[in-house]
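Student: Spelled out from the first residue to the last, the chains are:
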Amino acid sequence: MTISFSTLKIAWRNLGRNRRRTLLSVGAIALGQFTLITVNGLDAGYFESMLRIVTGPLIGHVQVHHPKWREEQAVDQYLDNLSEAEKEIRALPNVKSVSARVFSAALAAPGERGRQPAEAEMGMVVGVDVSAENRQGGILASLPPADLPGPGSVVLGKVLAQRLKLTPGKTIAVISQDTDGLPVSNIFRVNALIQGGNELISRLGIVMALKDAQGFLALPNQAHEIIILGDDYRKAGELAERVKSLPALKNAEVITWKEAFPVIVRLIGMKNWIDLIFLVILFIAAAAGIANTMMMSTFERTREFGMLLALGTRPGRLIRMIAWESVILGLVGVALGSILGTIVVLITSHTGIDYGALGGIRGQELSFQGLTISYVVYPKFEFHQVLFGFGAVTITAVLTSLWPALLAARLEPAEAVRS
Amino acid sequence: MSGTDGNFLITARGVTKIYRTGQIEAPALRGVDLEVKSGEFISIVGPSGSGKTTLLNLIGALDSLTGGELKVLGKDVSGLSRRERAELRLHHLGFVFQAYNLIPVLTARENVEFVLELQGVGRERSARAEEVLGELGLSEFSDRRPLEMSGGQQQRVAVARAVASRPRLVLADEPTANLDGENAEVLLRLMRRLRDEQGMTFVFSTHDSRVVEHAERIITLTDGRVSQDERRNPDRG
Ligand SMILES: Nc1ncnc2c1ncn2[C@@H]1O[C@H](COP(=O)(O)OP(=O)(O)OP(=O)(O)O)[C@@H](O)[C@H]1O
Ligand SMILES: [Mg+2]
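If you read the protein sequences in the order shown, they are chains H and X.
The first sequence begins at 1 in the working numbering and counts up one residue at a time.
The second sequence begins at 420 in the working numbering and counts up one residue at a time.
Only chain H is shown next, with the shape it has when bound in the complex (with noise of 0.2 Å):
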């Protein structure tokens, strides 16, 4: 199909015969694509800092565990051999990071008599690589160096902190049992608190370096758990398949961030939704924008197109003349939208949303199924958001066109002249 010069012209000065009505739709089509691309570049941006945290070094892309952990979490169900494990992990292609936790159930108290004395609290030991959980996303991220848990000393949960009336500097019992069921105990020097992050470890956790936990549990060469972060978390899958080929995990479980956080998969197909509900909002919009517009000017103009027929034009070439009309009304539209949304994307990917303060909240941070997201939301600029919208428009432009294309093509010369 040759597009003759003519027919574009025609075409677009056709919808400056109208100023009003055609600025109004391509206002319209113009909201509709801005809020397509602003909504979904938020939303993009929201879910990829969420899959960041949850893809950290908190959640790992591929976990070990003891077949049965993850159901009962008892002491006794661990890792063993864990030397052994890490250094057949570490020796495995594209792995970043190898760390392992081991986790008991625990009874705090004050190391020593306050004045007013507090009752015992339950709490959780957990042994931790310190150096790989004080990244960004790990239980000790917030931590300065010097506060990290060194030989003797733990950090603890601030709602645990709070209820056992305990300070930094101050000293912990903590009782708890081995593999064998068998009570141990030991005190503690308290060496910071840790603020916020997982909600789990604020309530109940008594963290400490992975060799001290070992040693007050009797577990030496043994582990609950074992992080893995990989280069990739999108291939995260391929990592399990090769973790769980190796020998030393014959009998373990391995799983993917995704099986160990099922409600991110959840919410990442509601992100497509969403993506999918504003794109249908936009196909609604340009079409009636679209339709109206061009429903209104072809049939007040049916003695043009009958002059138009009667010198000989083609009923094709007509068609192509009023689709032209209304895909350059929805492409104006659309392009107009494309660059408001996308200005206002890519500035707000460099300042940041803050949720918190729009919906008046003062915090910083939400906790979500025990993971801490900042209200602070950096939108993410997503092409193919433009891309589809562009797409939907051009589609829609053409196929509300059709309707009165048709009626303007069939039309008998003699009778349009004549009316």
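It should be emphasised that the hints constitute simulated quantities derived from the structure, not laboratory data.
Since the model is a prediction, treat every value here as computed from it, not as a measurement.
Some clues are possibly wrong.
As the list claims (entries may be wrong) - Here are the computed distance ranges between Cβ atoms for each label pair: (1) A445(X) - G316(H): 26 to 34 Å; (2) H626(X) - A288(H): 44 to 52 Å; (3) R629(X) - W403(H): 42 to 50 Å.
For each residue, glycine too, the CB sits at the ideal point set by N, CA and C.
Chain H is fixed; fit chain X with the ligands onto it per the hints.
Tutor: Okay, now just chain X with the ligands, sitting in the frame of chain H:
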């Protein structure tokens, strides 16, 4: 085009046209016989509703006849498909309507260019359009859009467009109906000049007796039939 019927550009034999709307039949032409030679300058007159527009539309292959035989430029128009009629109009006929002749968003030159483009004229169409407007003394309106011209100026541009591809037959249905006497006069002189210089055949309908003065042949329709067909020597004021 060759094969005109014994030098006749138009031959009508017992042409009838009945408009049907639902059950109601409205006979607009009740048997028209007519022969038109190349180079004639004809006015069709008659009371309102006598069938002038209907006849011009049939000759112009804009509509299909109900009965009879009609040959235009040697072609039997009743046998033509919708598409063939469009081709005939595009390449061999020129039209001037009472109003709304021009595409409102195009300038005078672009309007002329548009039909040339439809006819497949290439790059030279812009120059050709300018030339036609120039020949008809309309150069000053080249870059004006219809709304920027008077009714008389618009009609003259419409004539320029109708003759731009040098058709052999130009049909005009009440081309002066919206013009005052002076503008009607100017338009008719323009048409006459084209006939004289280029040998085009003009058939136009009118209600205006001053316009009729310019015709060399006056065909009067009454009630769907030719009631009078007279030849005369027009005043050449
Ligand atoms: N589309 C139509 N449907 C039904 N009847 C029609 C139609 N077009 C024209 N007619 C009728 O056909 C007859 C001839 O109409 P036509 O328009 O040819 O007359 P006319 O001589 O051009 O009149 P005027 O001088 O008013 O323009 C009229 O009676 C008219 O009512
Ligand atoms: Mg008429």
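Student: Next step is simple, just say for each hint if it's right about the structure.
Tutor: Hints and how they fare:
1. Separated by about 32 Å at the C-beta atoms, A445(X) and G316(H) satisfy the suggested range of 26 to 34 Å.
2. Distance hint check: the CB atoms of H626(X) and A288(H) are about 46 Å apart, consistent with the given range 44 to 52 Å.
3. For the pair R629(X) and W403(H), the supplied restraint of 42 to 50 Å holds, since their beta-carbon distance comes to about 46 Å.
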